[in-house]
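2 protein chains.
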Amino acid sequence: MNIPQTSFPRVIIVGGGFAGLAVARGLENQELQVVLIDKHNYHTFQPLLYQVATGGLEPDSIAFPLRKRFNDVDNFYFRLAEVTNVNAKRNVIETSIGNLEYDKLVIATGSTTNFFGNTNIKKFAMEMKSVPQALNIRSLVLENFEEALLEKNLEKRLALMNFVIVGGGPTGVELAGALAEMKKGILPKDYPDLDIRQMKINLIQSSGELLKGMSKKASEKAEDFLIKLGVDVWKSLRVLDYNGVTVKTDGEDHFDAQTVIWAAGVKGDVIGGLEGTCLVERANRFKVSKYSKILGYENVYAVGDVACMETEGYSYGHPMMAQPAIQQGKLLAKNIILELKGKKLKPFIYNDKGSMATIGRNKAVVDLPKLKFQGVFAWFVWMFVHLFSLIGFRNKVIVFMNWVYNYIRFDRETRLIIRPYKKKNKYSFEKENV
Amino acid sequence: MNIPQTSFPRVIIVGGGFAGLAVARGLENQELQVVLIDKHNYHTFQPLLYQVATGGLEPDSIAFPLRKRFNDVDNFYFRLAEVTNVNAKRNVIETSIGNLEYDKLVIATGSTTNFFGNTNIKKFAMEMKSVPQALNIRSLVLENFEEALLEKNLEKRLALMNFVIVGGGPTGVELAGALAEMKKGILPKDYPDLDIRQMKINLIQSSGELLKGMSKKASEKAEDFLIKLGVDVWKSLRVLDYNGVTVKTDGEDHFDAQTVIWAAGVKGDVIGGLEGTCLVERANRFKVSKYSKILGYENVYAVGDVACMETEGYSYGHPMMAQPAIQQGKLLAKNIILELKGKKLKPFIYNDKGSMATIGRNKAVVDLPKLKFQGVFAWFVWMFVHLFSLIGFRNKVIVFMNWVYNYIRFDRETRLIIRPYKKKNKYSFEKENV
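Protein chains in written order, with the working numbering: chain A, 488 to 921; chain B, 488 to 921.
There's no promise every hint is true.
Said to hold, decoys possible - Here are the simulated lysine-lysine pairs, BS3-like style, with alpha carbons at most 27 Å apart:
hint, chain 1, residue 1, chain 2, residue 2
1, B, 687, B, 909
2, A, 616, B, 909
3, A, 676, B, 831
4, B, 774, B, 831
5, A, 840, A, 774
6, B, 609, A, 909
7, B, 676, A, 526
Unchecked claim - Ranges between beta-carbon positions, derived for each pair:
hint, chain 1, residue 1, chain 2, residue 2, range
8, A, 685, B, 821, 36 to 44 Å
9, A, 642, B, 671, 57 to 65 Å
10, B, 639, A, 559, 53 to 61 Å
Quick caveat, the hints were computed from the structure, so don't treat them as lab data. Note that the structure is predicted; figures quoted are calculated from it, not measured. Note that CB positions come from ideal geometry on N, CA and C, so glycine has one too.
Based on the provided sequences and hints, a complete structural model is requested.
Below, the structure written as structure tokens:
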């Protein structure tokens, strides 16, 4: 991997998401060699992927080149590679570009879509955990409208205009809201020869409430906003299967839909070779101590989505969101430095700053520890927090300009099919038994 | 194709580039049905593709959704399709989504890369006529640096850092300049563990001057600028072949390069079924009258790159650039309306507004009919003209913000490998006889 052996201990960080970046930033200019490995050459600001998928933002404005982030840092190495295995006995990671020894290994590989073992859904449904996946959704949505325009069979046309989003967490809620705004403001103008009233947006949630984990008020208000935007919200309905034609549920309602977006679960994107994963609700995360050490290992750590740390009030680990990842990453960097200096380490305490979700124009819900509010002000808070959290000045400016433009013009202008998505089910459209 | 038959004559326009858009805009709200067909759902601002390829602009800022352009126009239909053939006897076009009858057919399909029949070059070299192709170059350039970093063999490493651009027209000159600026400002910071001095940028031109068609002064100054930026300019050197490893020329110099960008020629992207193409210098364009009618046809027109119209001073047709395309498109729309009203048509006279090319920061050359200038002012003129010509207010703002940012920060921030380019020659690196 062409990384020099120096007298400094080597810390390898796998993953340049929120957690990995926080660790790497915290270890800057220490007496350490830091190697950051990611399979992409950019950091993805995942909270805004849904806006890429719905034509509101260009992908390049929510991605930040990882090399640039560390342009002026000494003893820092970035490698574009996939880590395939950890050999903890030999302190070596195995990657697509060779093996590398570590003194300390930090696993910050994040999470991946959890299809709970359903191979049909995995094959036919769309997921949205990366920029290319968000672009695939953007292409598919637009391609389905182009196809609907030509489709004379009503049943097929309705299926092309039927959108099913599975999972009522922030991703599902935000996507459903954004699609509803496309339906309202853009699609009737772009497709005057289609009856856009026939477009349906279904949000399906297996439990009895949306935005589980947020306050009851936020959940109810979000549902209220979605219904006002024209989204069909289905609660306490579980999706069992999707064969590319029909979404089968455990209720009476089935959905013939050509676009199914699976936002119903994530799981840790663990690396092979380590034992002791935390299997809480099939979450597939590494069990770690309050110092982010993977149980049973002395020099292997996990932070962020892939880590499952039990602290008071979080007996199943922290939520798989940006905040715990950033906080764990920052503290781990501090602890690594403290340990080097032979000082006492600090245990992790999660500082819950609250959570929020946006549904659409002037519509968001915010739960702060001491204050919960919804509506226009919440929407501005949501925008401010996301703009502030984006990495890179250029990205902030470009996203801000897009938002101002979209707000004033009721528009979403990046509705481009740059790389058409090759639907797996395009020519097997006939209805089958599921 | 689900387009209603009305009492209005139907004009089909194939291609949403500069020429096709100009025709469609000119025919708005007339007693006509206008059908625009393109294989992409967006217009591409081709003059800035090279900035997408070199990480200076996001692709979404130089593409504009075609449907949006005609949101408020009646009797207008857009279809996303590829036109495969014209049956002129029956007045029907054949497309990937079905056949359609026309009263008048306007072919504005533009141009495509001309490899002059060399299948090796076509297979191994990169082209840059579309957004996906520009993104492929962006990915490949960055992937080659990631690979160079790991390559211990000096010869192979040099080849990964050796860039050959074939063709000294505006595209080649602008690409070479942009790569040279990446070499200067960005790559040494991004790849501190590579010796970026080993990177070579070669611009190869078969004739004795760059920017053929522009003034001698512009040509010389452009070369001067390029040399100052560190580009190796090779004139009167013809590329004969490229096998994925070595670029073979008709001179003594051969180039071992893993990135070859072919900007040495374009040809009309003609549609099958029509006779009478203009084969001047294998340009593959339709011979048209001064009224843009394809010779031998009564109701089939060609405009832009795909048309070859002889007018005074242009015995081999007009240059394959935006200006002739826009002017021909505008006039054709007027003539179609005049013809409908039974009035006399106007013959085309090309108004040469001049041409320009940028080499880099503060470096451009501008030839106006009465004034030729180079340097900083030319660069500002170049930027102003391109910003002004971009379609869409949002695109103008985003491009402007990027340019300001890039100028102040000496940066190009969209250096992202979003869809890795699958090199065809990656594992056949060993040197062979060419």
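Okay, the hints, checked on the actual structure:
1. Of the supplied pair hints, the one linking residue 687 of chain B and residue 909 of chain B holds, its CA atoms being roughly 22 Å apart against a limit of 27 Å.
2. About 22 Å separates the Cα atoms of residue 616 of chain A and residue 909 of chain B, which keeps this hinted pair within 27 Å; it holds.
3. Simply put, residue 676 of chain A and residue 831 of chain B have alpha-carbon atoms about 36 Å apart, too far for the 27 Å limit, and the pair is violated.
4. Among the hinted pairs, residue 774 of chain B with residue 831 of chain B is consistent with the structure: their alpha-carbon atoms are about 22 Å apart, no more than 27 Å.
5. Among the hinted pairs, residue 840 of chain A with residue 774 of chain A is consistent with the structure: their alpha-carbon atoms are about 23 Å apart, no more than 27 Å.
6. For a cut-off of 27 Å, the pair hint linking residue 609 of chain B to residue 909 of chain A stands: about 24 Å separates their Cα positions.
7. For the suggested pair residue 676 of chain B and residue 526 of chain A, the alpha carbons sit about 20 Å apart, so the restraint of at most 27 Å is met.
8. The beta-carbon spacing between residue 685 of chain A and residue 821 of chain B, approximately 39 Å, falls within the hinted interval of 36 to 44 Å.
9. Judged by the Cβ atoms, the range 57 to 65 Å given for residue 642 of chain A and residue 671 of chain B holds: they are separated by roughly 60 Å.
10. At roughly 27 Å, the beta-carbon separation of residue 639 of chain B and residue 559 of chain A lies outside the given 53 to 61 Å, and the hint is violated.
When each numbered hint is compared with the structure, violations occur for hints 3, 10.
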